[in-house]
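Chain S is already provided as a structure; the job is to place chain G on it using the hints.
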Amino acid sequence: MSLDKIVDGLTEVDCDVLVIGGGTAGPMAALKAKMKNPNAKVILLEKANVKRSGAISMGMDGLNNAVIPGHATPEQYTREITIANDGIVNQKAVLKYAEQCYSIIQELDKYGIRFQKNENGDFDVKKVHHLGTYVLPMPNGDTVKKALYRQLRRVQLLISNRYIATRLLQGKDGRVAGAIAVNTRTAEFLIVKAKAVILCMGAAGRLGLPASGYLFGTYENAANSGDGYAMAYHAGAKLANLECFQINPLIKDYNGPACAYVAGPFGAYTVNNEDARFIECDYWSGQMMLEFYNELQSGKGPVYLKLNHLHENTISEIESILHKVERPSRGQFHANRGTDYRGNKIEMHVSEIGFCSGHSASGVFVDEFARTTVPGLYAAGDMASVPHSYMLGAFTNGSIAGQHASDFAKDVDFAAYDPEDIARERERVLAPTRREDGIPPNQIEYKTRRFVNDYLQPPKVPQKYRLAQSRFAEVREDMETGMIARNAHELLRALEASSILDCADMAACSSLFRTESRWGLYHLRTDYPGRDDENWFCHTLLGKTDGRMICEKRAVDPYVVPIDDDEKDIYYRQRIEARA
Amino acid sequence: MPLANTPTSVPVVVDNEKCIADKGCTVCVDVCPLDVLRISDLTNKAYMAYDECWYCLPCQCDCPTAALTVNIPFLLK
Numbered sequence: 000m001s002l003d004k005i006v007d008g009l010t011e012v013d014c015d016v017l018v019i020g021g022g023t024a025g026p027m028a029a030l031k032a033k034m035k036n037p038n039a040k041v042i043l044l045e046k047a048n049v050k051r052s053g054a055i056s057m058g059m060d061g062l063n064n065a066v067i068p069g070h071a072t073p074e075q076y077t078r079e080i081t082i083a084n085d086g087i088v089n090q091k092a093v094l095k096y097a098e099q100c101y102s103i104i105q106e107l108d109k110y111g112i113r114f115q116k117n118e119n120g121d122f123d124v125k126k127v128h129h130l131g132t133y134v135l136p137m138p139n140g141d142t143v144k145k146a147l148y149r150q151l152r153r154v155q156l157l158i159s160n161r162y163i164a165t166r167l168l169q170g171k172d173g174r175v176a177g178a179i180a181v182n183t184r185t186a187e188f189l190i191v192k193a194k195a196v197i198l199c200m201g202a203a204g205r206l207g208l209p210a211s212g213y214l215f216g217t218y219e220n221a222a223n224s225g226d227g228y229a230m231a232y233h234a235g236a237k238l239a240n241l242e243c244f245q246i247n248p249l250i251k252d253y254n255g256p257a258c259a260y261v262a263g264p265f266g267a268y269t270v271n272n273e274d275a276r277f278i279e280c281d282y283w284s285g286q287m288m289l290e291f292y293n294e295l296q297s298g299k300g301p302v303y304l305k306l307n308h309l310h311e312n313t314i315s316e317i318e319s320i321l322h323k324v325e326r327p328s329r330g331q332f333h334a335n336r337g338t339d340y341r342g343n344k345i346e347m348h349v350s351e352i353g354f355c356s357g358h359s360a361s362g363v364f365v366d367e368f369a370r371t372t373v374p375g376l377y378a379a380g381d382m383a384s385v386p387h388s389y390m391l392g393a394f395t396n397g398s399i400a401g402q403h404a405s406d407f408a409k410d411v412d413f414a415a416y417d418p419e420d421i422a423r424e425r426e427r428v429l430a431p432t433r434r435e436d437g438i439p440p441n442q443i444e445y446k447t448r449r450f451v452n453d454y455l456q457p458p459k460v461p462q463k464y465r466l467a468q469s470r471f472a473e474v475r476e477d478m479e480t481g482m483i484a485r486n487a488h489e490l491l492r493a494l495e496a497s498s499i500l501d502c503a504d505m506a507a508c509s510s511l512f513r514t515e516s517r518w519g520l521y522h523l524r525t526d527y528p529g530r531d532d533e534n535w536f537c538h539t540l541l542g543k544t545d546g547r548m549i550c551e552k553r554a555v556d557p558y559v560v561p562i563d564d565d566e567k568d569i570y571y572r573q574r575i576e577a578r579a
Numbered sequence: 000m001p002l003a004n005t006p007t008s009v010p011v012v013v014d015n016e017k018c019i020a021d022k023g024c025t026v027c028v029d030v031c032p033l034d035v036l037r038i039s040d041l042t043n044k045a046y047m048a049y050d051e052c053w054y055c056l057p058c059q060c061d062c063p064t065a066a067l068t069v070n071i072p073f074l075l076k
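Residue numbers (numbering that gives the first Met the number 0), protein chains in the order written: chain S, 0 to 579; chain G, 0 to 76.
For the record, the hints were derived by calculation from the structure and aren't laboratory data. Keep in mind that a hint or two might mislead.
[Unchecked claim] Simulated crosslink set (EDC-like; lysine to aspartate or glutamate; CA at most 16 Å straight-line):
hint: 1; chain 1: S; residue 1: K91; chain 2: S; residue 2: D366
hint: 2; chain 1: G; residue 1: K76; chain 2: S; residue 2: E479
hint: 3; chain 1: S; residue 1: K145; chain 2: G; residue 2: D29
hint: 4; chain 1: S; residue 1: K91; chain 2: S; residue 2: D556
hint: 5; chain 1: S; residue 1: K323; chain 2: G; residue 2: D61
hint: 6; chain 1: S; residue 1: K344; chain 2: S; residue 2: E318
hint: 7; chain 1: S; residue 1: K446; chain 2: S; residue 2: E479
hint: 8; chain 1: S; residue 1: K192; chain 2: S; residue 2: D13
hint: 9; chain 1: S; residue 1: K145; chain 2: G; residue 2: D61
hint: 10; chain 1: S; residue 1: K192; chain 2: S; residue 2: D420
hint: 11; chain 1: G; residue 1: K76; chain 2: S; residue 2: D252
hint: 12; chain 1: S; residue 1: K4; chain 2: G; residue 2: D40
hint: 13; chain 1: G; residue 1: K76; chain 2: G; residue 2: D50
hint: 14; chain 1: S; residue 1: K145; chain 2: S; residue 2: E106
[Claimed, not checked] DEER-style ranges, computed between Cβ atoms:
hint: 15; chain 1: S; residue 1: G481; chain 2: G; residue 2: V12; range: 34 to 42 Å
hint: 16; chain 1: S; residue 1: A334; chain 2: G; residue 2: L2; range: 31 to 39 Å
hint: 17; chain 1: G; residue 1: L2; chain 2: S; residue 2: Q462; range: 34 to 42 Å
We put the beta carbon where it would ideally sit given N, CA and C, even for glycine.
Chain S extracted, bound-state conformation (with noise of 0.2 Å):
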């Protein structure tokens, strides 16, 4: 077979600042760590192609958590997010998200990308969430990726696409000292030396199996496999509050979102079978979910997302924004089973779990400047762990990210690794493919999604994923002694279903480690169904000791925006009460 051929092959690059995926937080990461600092060497590397690749591959509908002057303050945003991630947050880096993304709103107006404003000229600020007004949309959003990689171009960046990093090399002090990837249409190993690393590489999105068992039809890009989550984890960095998962309300079957965010403004809403709201709110938190969730065990289900009572011409501009960004496949979707907004609601279901921090919480733990537990190494977007960041988070945070790695790159050498760690990823990476029959990756990935699925999916049973864990651990001695990979192309494959199943194995320790119940649905236990604030007001941080996966309390750092205690639980009040 000549399509994707193995090559033997290994090339060595050095860089001062190396960033992993190029997605939304990637680009960006990349481009401020070269304009801060023109003279150093920066390297983009990218599993797909820059130009295309990402969450945000066909663009964005809009800004999901814009802070604007006159319509929000940094200061209720934070405790917006505080309230709406049950206080489990790291304030310092959601301020300084807060603070910051208005100067990369306006950088991103420089690039083109337009925001949407009113008639007096003011940006056009939309209300979803609970509390404050932060929805910005943007009207050329499909340009997104262009804009960014336009301003790439002007920096003359380096960019290596179709290179799926694997694992970080080390110094001897822990100290990072660059990357191992492997090229995905020919095999060969590229080394990068580095200085700083900083990793964008994206949710863990294609963890659960979305019920139409179809392996790549994920809310996230499918290609959003985990990878940064599993590399930061062999690498020693510490993993936050995991077991709040990513759950999302989506369009069923199509598995993408409907979207409320867009068509909520304009006046749609979710309702049961009776035609009737049961949610205040259309904002994705875990309490929303959870109403969602009990709404569709109760009876009432399907839900739906209602638009057919609105004006002929609201639903056409509803249309052109929906069918033309982020999903845009979702109009083909609803023409081919003659759903219409017009006549008919948009039957929404319960996804698949995965790792998120854009949408959740569970993400690399990251301080204010986008550090991880490991001496320079940076996380970014959404597998790092400021919660609820969305696109512009991902921009702003890998802005913050690529900044600071730019000034710490200036001050150190590259540490020194044992080169005996690469010839070590060499044979594990290249194992499957020496071997002459096996187990081809996609079987791998299914199963180990499908268990997760099968033990996962919330409500949370212990004995359940206990069970997982087990099953897991078979899975995981079939990988490394039988799957096989023919080609380039299943060698990625293969990578990646190595990547999901660290990540399942982290899903698990981190949801029995925290015995209460937190987050709405994204960490519902049957046994502690209860919120602990008593015992569990603290991060969970998930890391690697001795070879060995363990989870330990830490602290929320004290808020530096102080919250009321009758605020605290005003997510939880998503509920429409029958009146009388």
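Below, chain G alone, put in the same frame as chain S:
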């Protein structure tokens, strides 16, 4: 255990009349986030080599001759 080939219906359809891969174009192959498209050694036209589609549309939108159609994969259609 030995391997078998199981047929699968793939969502990306290429109009060979319009496709200019034989003239050196590789745009669709370049932009696909899942890297599932290839140029055929037999026809020199683009085709979907791996059934791993996120139905995201960069290939369809960026194709200079509008030769590609991305359908919704059968399992979720």
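- Message: Please list, smallest to largest, the hint numbers that this structure does not respect.
- Response: Hint 2 contradicted; others consistent.
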